[in-house]
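Peer 1: Protein chains in written order, with the working numbering: chain S, 71 to 356; chain R, 100 to 253.
Hints in this document: simulated from the structure, not taken from any laboratory. Here a beta-carbon is modelled for each residue, glycine too, at the ideal position from N, C-alpha and C. A few of these clues could be false.
What the hints assert, rightly or not - Distance ranges between label pairs, derived from CB positions:
hint, chain 1, residue 1, chain 2, residue 2, range
1, R, 138, S, 127, 22 to 28 Å
2, R, 101, S, 155, 57 to 63 Å
3, R, 178, S, 149, 42 to 48 Å
4, S, 90, R, 132, 30 to 36 Å
5, R, 148, S, 284, 15 to 21 Å
6, S, 87, R, 108, 47 to 53 Å
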Amino acid sequence: MSDIESRGYAKPEVLVSTDWVAEHLTDPGVRIIESNEDPLLYPSGHIPGAVEVDWTRDLNDPLRRDYLDREGFSSLMRRIGATPDTLLVLYGDKNNWWATYAFWVFQLFGHTNAKVMDGGRAKWIKEERPVTREVPSYPATEYAAPPRDDSKIRAFRDRVLDHVEKKGQLVDVRSPQEYTGERMHMPDYPNEGALRGGHIPGAKSVPWGRAVKEDGTFKPADELKAIYEGEASLKGSDEVIAYCRIGERSSLTWFVLTYLLGYPDVRNYDGSWTEWGNLVGVPIEK
Amino acid sequence: MPEIPAQLAETLDLLRFLPDRADRIQFLIDVADRFEDVPPRIAVRPFSCDNRVPACESEAYVWAERRPDGTLDYHFAVENPQGVSAKSLAVILREGLSGAPLDQVAALSTDLVYDIYGNELSMGKSMGLMAMLTMVRNLARQALAEPVPAAAVS
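Based on the sequences and whatever the hints tell you, model everything.
Peer 2: Written out as structure tokens, the structure is:
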């Protein structure tokens, strides 16, 4: 039994190890994707054969605050040489937080044949595995994405408001200072992009980084349950909405709850605090 | 309005002349390779949270050291080994602002972050980088408000 399989996850197959990636660098059925918060990282060195998917340039609508549409996603997949049958393996910096964000967006278009490299970029580098600055070029493929489906794993403002009124489960994955609104009161410094500080009423504070170990790999299921069910009193059978500032950190929590703990109904509220903290009239707690 | 410090202005001019995004990125990566950790005479780990840059996910720290002429040398630490952008900004600020007139440093706009990195920064990344510049600016403002010790003026 592998290390990942021994951790008691509901869906361990969603993770691959760095060993596995090393063995599949030239597998034509696999496309390795690096997705980072820092735009300088991929060009400074990446896993050989990996392509870059940049959140700002590749996944976002350039005009509206929304993700790319069906044609945009299809075009992206064609550019990176992926077909609907290609296994996409995502990894990135900082505990894979932007890799899971890209993973989440890919699920909106139904590309479920995707995995995350446990430990991310940091683990690969720490293990002194090969990196290159060479940017690969793959022949364009045929890819016709279905329409984007926001109905299952994405939460919008009105659903969140309704959820709050019904006292539904919410997880605020930001830092404790953001959760309490304390960060808003630092003069001169960027104010999290919101006019108000605090959190959505009823939200439990579970900073996103608590799901990973020092080496960036995910904690085993029993430790995750102790955090989310023991401390935060979440019930896996009920809907959970996770949020942060723009949905980037909460996508990692969405990933953890959905795949590692097997919760059937978890949504990422990507409007998150940049929307809620600027929205006229919505309730806020401190 | 005070001018931008000459050394920093030179870096900004260089960036403006780079033909495309790939050139800018390579320039910044090369700059990051020159990053030097804060000298032990200034600070050793664990660092004080007073010097930690708020909102910076790369866990950056900033210190200022007074020069004899009353200006400041700026020192940095970036704990995230993958914090390439943070390291590149630290080098730009250290090389561009150390020894610069305090009033010029104190008047810098955080929009400089976009002049350096372009507009395709995520909100979190831009906030962290702006916070680093803000911290340097605040150190200059504090120094302006403090009298220079007589021994420091040659």
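Peer 1: Evaluate each hint against the coordinates.
Peer 2: Evaluation of the provided hints:
no.	hint	result
1	R/138 - S/127: 22 to 28 Å	38 Å, violated
2	R/101 - S/155: 57 to 63 Å	60 Å, holds
3	R/178 - S/149: 42 to 48 Å	35 Å, violated
4	S/90 - R/132: 30 to 36 Å	31 Å, holds
5	R/148 - S/284: 15 to 21 Å	20 Å, holds
6	S/87 - R/108: 47 to 53 Å	48 Å, holds
The structure fails to meet hints 1, 3 from the earlier list, while all remaining hints are met.
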